[in-house]
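So the protein lines, in turn, are chains V and C. To get the numbering used here, take the position in the first sequence, counting from 1, and add 624. To get the numbering used here, take the position in the second sequence, counting from 1, and add 624.
In case anyone wonders, no lab produced these hints; they're calculated from the structure. You may find that some hints are simply not true.
Chain copies aren't distinguished; within one or between two, either way the pair holds.
As the list claims (entries may be wrong) - Derived SDA-like pairs: lysine to any residue, alpha-carbon spacing no greater than 25 angstroms straight-line:
1) Lys886 with Glu830
2) Lys892 with Glu987
3) Lys1211 with Asp885
4) Lys774 with Thr860
5) Lys892 with Ala951
6) Lys1211 with Arg1135
7) Lys774 with Ala1157
8) Lys886 with Asp723
9) Lys892 with Arg842
10) Lys774 with Cys1214
11) Lys1211 with Glu1184
Just so it is clear, the structure is predicted and the values come from calculations on it, not from any experiment.
2 protein chains.
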Amino acid sequence: MTAPLTPTRTVGPGSDLAEVFELAQQLRVDSVRASTSAGSGHPTSGLSAADLMAVLMTRHLRYAWDDPGNPAADHLVFSKGHASPLLYAMFKAAGAIGDDELMTTYRRHGHRLQGHPTPELPWVDVATGSLGQGVGYGVGIALATRDLRKSPARVWVLCGDGETTEGSVWEALDAAGRHRLANFVALIDVNRLGQRGPTALEWDTETYARRAEAFGCRAIRVDGHDLAAVDRALTTAADGLAPTVVIARTVKGRGVSEVADKNGWHGKPLPEDMAERTIAELGGLRDLRVSGPAPPDAPTRPVRPAGPGGRPGTVRLPRYEPGESVATRAAFGAALAALGARTEIVALDAEVGNSTHTEEFGEEHPDRYVQAYIAEQQMIADAVGMAVCGYHPFATTFAAFLTRAHDFLRMAAVSRITMAVCGTHSGVEIGADGPSQMGVEDLAMMRAVLGSTVLYPSDATSAAALTAAMADLDGISYLRTTRGAYPVLYGHGETFPVGGSKTLRRTDDDRVTLVGAGVTLHECLAAADALAAEGMSARVLDLYSVKPVDGGTLLRAARETGALVVAEDHHPEGGIGEAVLSALVGKGVCPAFAHLAVTGLPDSGTTGELLDAAGVSRTHIARAARRLASGNGPTPRSTQASPTEQGDES
Amino acid sequence: MTAPLTPTRTVGPGSDLAEVFELAQQLRVDSVRASTSAGSGHPTSGLSAADLMAVLMTRHLRYAWDDPGNPAADHLVFSKGHASPLLYAMFKAAGAIGDDELMTTYRRHGHRLQGHPTPELPWVDVATGSLGQGVGYGVGIALATRDLRKSPARVWVLCGDGETTEGSVWEALDAAGRHRLANFVALIDVNRLGQRGPTALEWDTETYARRAEAFGCRAIRVDGHDLAAVDRALTTAADGLAPTVVIARTVKGRGVSEVADKNGWHGKPLPEDMAERTIAELGGLRDLRVSGPAPPDAPTRPVRPAGPGGRPGTVRLPRYEPGESVATRAAFGAALAALGARTEIVALDAEVGNSTHTEEFGEEHPDRYVQAYIAEQQMIADAVGMAVCGYHPFATTFAAFLTRAHDFLRMAAVSRITMAVCGTHSGVEIGADGPSQMGVEDLAMMRAVLGSTVLYPSDATSAAALTAAMADLDGISYLRTTRGAYPVLYGHGETFPVGGSKTLRRTDDDRVTLVGAGVTLHECLAAADALAAEGMSARVLDLYSVKPVDGGTLLRAARETGALVVAEDHHPEGGIGEAVLSALVGKGVCPAFAHLAVTGLPDSGTTGELLDAAGVSRTHIARAARRLASGNGPTPRSTQASPTEQGDES
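Could you build the full structure based on these sequences and the hints that come with them?
Printed below as a string of structure tokens:
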């Protein structure tokens, strides 16, 4: 396990396959060394793919290791992110990292060679490790590369065999086939063994091939340890004629007789003594340096540069007159179409563009509009690919169906991706379609996404403004919109800073504050009118920014009125109510508080009926306000009953 | 649109196809009438499938409409749930509902004929409407029916063509093929038109067939309006030889010349005058009654009846000695294996059973153990199918990867399914594997699931007890477990009622309460020890029940100590901290409060390093406690910064 001693030799496109094999052995040795030194990791999953990667990086991967952002350069996505020791061994072979970094920092805290690859490494586009995602990201990058960047770059994805049971892989290959992404190659490392035993298809490479072909891709079956055959396969794959899936029959633990094709060695580093024997069996240490093919010197279409010239000043947002009835989803769609004036903006639909109003963007900017069909995971994967290539994607579907892509959204945050997501048809407000179509969990999901921004406009003016704001937000931003049309509340001069709120009713005598967003804001306004008619002043806050939330204004309202009613068209957990509580706690206020939220299973009905049945309508808001203001006891409907109250249910 | 006048005739297996066609036309007429009377709904999506369903229900669906729970009876899942008018027209034709209910309650509030079918109707097994799920549910039901119930029942799924772009459909067909589910039939209604335009494959039924075959199913292509051909196809499909996908080329809006095969009519009821013309074109009103094939009079294996005889008394839970080091995931696995003594318990794995310890159940009860491979959506769909058949499933994978199945979990709640879900490897605690494997959003996700129970044990004794408790909980219950081994805190006499908590440290002089669960409880205990050494008493609460939460004990602790530190290995949104705030608000207490949670992007490292870097370790807990107890200002780390503080980020 000592450092390499042999002098450096260079391996490249001109090297013969014997030299490429030496490189493959070096990648194996370094995979073993790195994981053994770290005391954890997946060496055997790298050993199976080392030959594939050695051929790829010497002869096919057109990459500039010192210029990883080169838009003409190929991309490599390690969908089997647990094979990170192999990837990092490749980085070392390319001279991108040193042996010291590999041997002393892998999987250690505060270092970039993490257990699974993340874009903290400049040669990694996307974080992987949640299996089944890399193929989708590769498709997204290939789309952005070919259709937006107009780049000759190709995308290579190394995919495990076990992860092909994830449906997302087939969403991705379906998209690859449909878009005829001839710049896309997936290499499936069919090493037959998963984490706990044989994979479902073991070495049935014929079935893999039939599936890939049925989904519109060219399939090439190959012995993944026959370097000449692999080289021929990759040559064909890179011919630019069709999206290709290379199905490589391999042996897990290949080259190491003590573990090769043996169950029980998944995710286990070799013990020190075994590693020593293994390295000897693999031919000992080498110090080969790869100098693979360079990216073509080809023009690519630049992404519109960020900066004053590209700012929303040049975008003509739609304007709405106060009082006019407009759905926030419609205002979102119109604003998105207007934002299309910025050429870095792209829009993605999951076959509901006529409901979400993204269709308007598609009509005006068809070259930057991606139809993902009913495949929310791939829609988000496409968006990630666009973001990797410098574009600013807006991905939209019903709020309820975004839950389908939760894992992709979570991983996009780990990748530090910037994208805007819009969920339409939120809450019971949608009416007759019933609970399957009602997004009543989306705020909890999107608030919990790392570094996210969560916005929830109540009228068309703020919806348009916040849509535009999302085009300049970093990270994952979410806009929640509503199906029905409601009165425009704000004139077009109004601004809506992220983290702010609007106070729509306010007197010096306010005895309660009503907090709403989206449809419940309109219910709060109606409740305030009803209360005013009874002689009771209520403050009304439009909490259009749910994360970050306007703690200052909430605190002032709590102090000045002493009572808060929060009404939200969402389950009580993780939504607006809890965001408000988090903002107020520890600030020395202790207001009376009522949290109205959707606690039961909604059914079909009119919006009014369903808001009322859920207990979030104007009637319930006014009732809660009266109760709080009269100082009559505790919270009328809290998000969690005490154990005693819930005794029957548990 | 008046009520039917013609006298009732019966259509059944002996009827000729002309009569079956009359039934199909009646189903069409009623689909149109129901949706027009409701003013919303999807008539055209039903018109395409009416012939398929007419043949199915008269000649192939072995069903007892007056005994929908009959375990020998076939199942019918409407994956294209938006075609509910067709389904309800079938219910009417079967005599299960009356014309009056169809015409006056469809999509109305407070009634059971909702916009998309839910099990509020006794003939509906699972709620649909989130496309791409029905095939998976059908597979799960077919598995449970064949392998657990030992029933001759068959499962028929009506699936839209547009929804086959969902990867979950291919997870499901992969499972159907792998399990050789010869009792499973999916009918794909290839009507060529989606919501906003043509589907990706339009009428390319050959590609559908190739895909189905590549995934191990028999494919039968048929003209979906040729009743004789459909009848032959369904006869073959029901021959019990192979899982079958019938690919039916159909016309959306079939039978209605004004809308047939026309884009722009998705999800739109026909206007009154058009409906009148349409009904005339379809041959007017009929009143046919279907008397289809009866279920075979076959024995099925009964699910172990609930009741005293089947209660955990007969289950020998594992016992642990206080002080012993055991991972909660290991205790969960051992308890689950023990629960296998109850024959209604089944366990499901997504190819990580050796990490989650579900493998132990599989070894002891292989006949009730389902290996779903790396396909979390199908794992949950399988679990739903088991629950539909009366079993109590435990579905387990890493907490992080449960996000993949969020939409299935959401819909399972709409279906009022009872199932237990366990997420292992929660939080940054897992260490070197890095953020892709860390569940730090799962509490937010699972708390927001309708009617869920969320449990989070800190030691092996409570983990085993809560695992057992889940076997008797209704609805969706979630157990969050931890990767590492920690000291056993409780002796085996201890009980852990759902909605309770444990107070592990308590004196009359407590100046702060430390609230933790899982790994952070151990950090709280260490912090309390450190504080005690400094002369400061801290109360320590084990909040093993996150939903429902023990509001009473929290309230008392807040009152008595005046300060709370909540530490959780989860993002700050939607987790333990906000559950605590929701429990305390409006109760007249206003404690000093510190919320320690994972706010940044973790990396690899040791557990100690990562807890510390995330700010949730003993050091940070003790520091926060000192600060609160000294009355020194507000919350040191709130979940939401004020807008001013976050100005740079937005």
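For each hint, the structure was consulted:
1. For a Cα distance limit of 25 angstroms, the shortest separation of Lys886 from Glu830 inside one copy, 23 angstroms, qualifies, whereas the shortest one across copies, 40 angstroms, does not.
2. Taking identical chains as interchangeable, the C-alpha atoms of Lys892 and Glu987 lie at most 25 angstroms apart only when they sit on different chains, with a minimum of 22 angstroms there against 53 angstroms within one chain.
3. Taking CA atoms no more than 25 angstroms apart as the test, Lys1211 paired with Asp885 passes in neither setting, with 60 angstroms inside one copy and 62 angstroms between copies.
4. Taking CA atoms no more than 25 angstroms apart as the test, Lys774 paired with Thr860 passes inside one copy only; the shortest distance there is 22 angstroms, against 50 angstroms between copies.
5. Proximity of Lys892 and Ala951 under a CA criterion of 25 angstroms is satisfied inter-copy only: 19 angstroms between copies versus 55 angstroms inside one chain copy.
6. Proximity of Lys1211 to Arg1135 under the C-alpha cut-off of 25 angstroms is found in both arrangements, the shortest distances being 20 angstroms within a copy and 19 angstroms between copies.
7. With identical chains, the CA atoms of Lys774 and Ala1157 are never at most 25 angstroms apart, being 63 angstroms at best within one copy and 66 angstroms at best between copies.
8. Within a single copy, Lys886 and Asp723 get their C-alpha atoms no closer than 29 angstroms, and across copies no closer than 64 angstroms, so neither meets the 25 angstroms cut-off.
9. In this homomeric assembly, Lys892 and Arg842 never come within 25 angstroms of each other (Cα to Cα): the closest approach is 34 angstroms inside a single copy and 40 angstroms across copies.
10. Taking the closest pair of Cα atoms, Lys774 and Cys1214 never come within 25 angstroms of each other, the shortest separation being 58 angstroms inside a single copy and 59 angstroms across copies.
11. For the identical chains of this complex, Lys1211 and Glu1184 are neighbours both inside a copy (14 angstroms) and across copies (19 angstroms), given an alpha-carbon limit of 25 angstroms.
Going down the numbered hints, you'll see the structure goes against 3, 7, 8, 9, 10, while the others check out.
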